[in-house]
Amino acid sequence: GAVVSQHPSRVICKSGTSVKIECRSLDFQATTMFWYRQFPKKSLMLMATSNEGSKATYEQGVEKDKFLINHASLTLSTLTVTSAHPEDSSFYICSARPTGSNQPQHFGDGTRLSIL
Amino acid sequence: DQQVKQNSPSLSVQEGRISILNCDYTNSMFDYFLWYKKYPAEGPTFLISISSIKDKNEDGRFTVFLNKSAKHLSLHIVPSQPGDSAVYFCAASAWNSGNTPLVFGKGTRLSVIA
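These protein sequences, in sequence, are chains A and B. Quick note: the first sequence, position 25, residue 25 per the numbering used here, numbers continuous. Quick note: the second sequence, position 8, residue 8 per the numbering used here, numbers continuous.
One or more hints might be untrue.
Stated by the list, open to error - Derived CB-CB ranges, DEER-like:
1. A:Pro40 x B:Lys56: 30 to 36 Å
2. B:Ser111 x A:Lys55: 42 to 48 Å
3. B:Ile53 x A:Ile12: 46 to 52 Å
4. B:Asp59 x A:Lys41: 25 to 31 Å
5. A:Ala72 x B:Glu42: 22 to 28 Å
6. A:Ser9 x B:Ser111: 22 to 28 Å
7. B:Ser51 x A:Asn51: 22 to 28 Å
8. A:Asn102 x B:Ser8: 25 to 31 Å
9. A:Leu68 x B:Ser51: 33 to 39 Å
10. A:Asp27 x B:Gly60: 34 to 40 Å
Hints were generated in silico from the structure; no laboratory data involved. All C-beta atoms, glycine included, are put in the ideal place defined by N, C-alpha and C.
Let's have the full structure, built from the sequences with the hints guiding it.
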């Protein structure tokens, strides 16, 4: 079945550091990928929709200069948390769906980001 | 304003019995619904889905029921097994399109007791 790989799985870094998270579709192409964020005991909240070859679409309240998204190929989207602060600590997760199919979205295993 | 609601944060069921997880939604534009299962430190895994043209979809031990008039769906697991213990997320979208994001409920933690 379709596999989505997310890397790294866990990051611990100092405040002010920029962190890049990669999301790869391993056996399919995806023109669209989604980035979610999950706070403890909360649902997965959509942050942005990543579009291959064009700008990402951000949800209301999500700072696009803070959370940089690049979708340079049909199998890779990256989320960069710039100048991270402790309030950015969270679980970030991406999903993708084979282009042109009616398969459900497949999720990566998520990245636990901890900013000290 | 939560568009997808899972009002039970947790559920405990004995092994072999039926588990029923409930989900309500408010957006009448939603026409595609999914259930995902999530273990700690892993991403959600797709379980089963249903489109609004159906009221039931079955896959092995998992059955999803959709009541459009009540804007309610439920996931039945029969018989429940200890390995089913996880957090279950209900998700919905408008149009089954690759460009449409999913809206998730908060999840229900299912514990199946041996």
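Going through the hints against the structure:
no. : hint                           : verdict
1   : A:Pro40 x B:Lys56: 30 to 36 Å  : holds, 34 Å
2   : B:Ser111 x A:Lys55: 42 to 48 Å : holds, 43 Å
3   : B:Ile53 x A:Ile12: 46 to 52 Å  : holds, 47 Å
4   : B:Asp59 x A:Lys41: 25 to 31 Å  : holds, 29 Å
5   : A:Ala72 x B:Glu42: 22 to 28 Å  : holds, 27 Å
6   : A:Ser9 x B:Ser111: 22 to 28 Å  : holds, 25 Å
7   : B:Ser51 x A:Asn51: 22 to 28 Å  : holds, 25 Å
8   : A:Asn102 x B:Ser8: 25 to 31 Å  : holds, 30 Å
9   : A:Leu68 x B:Ser51: 33 to 39 Å  : holds, 35 Å
10  : A:Asp27 x B:Gly60: 34 to 40 Å  : violated, 24 Å
In terms of the numbered hints stated before, the structure departs from hint 10 and from no other.
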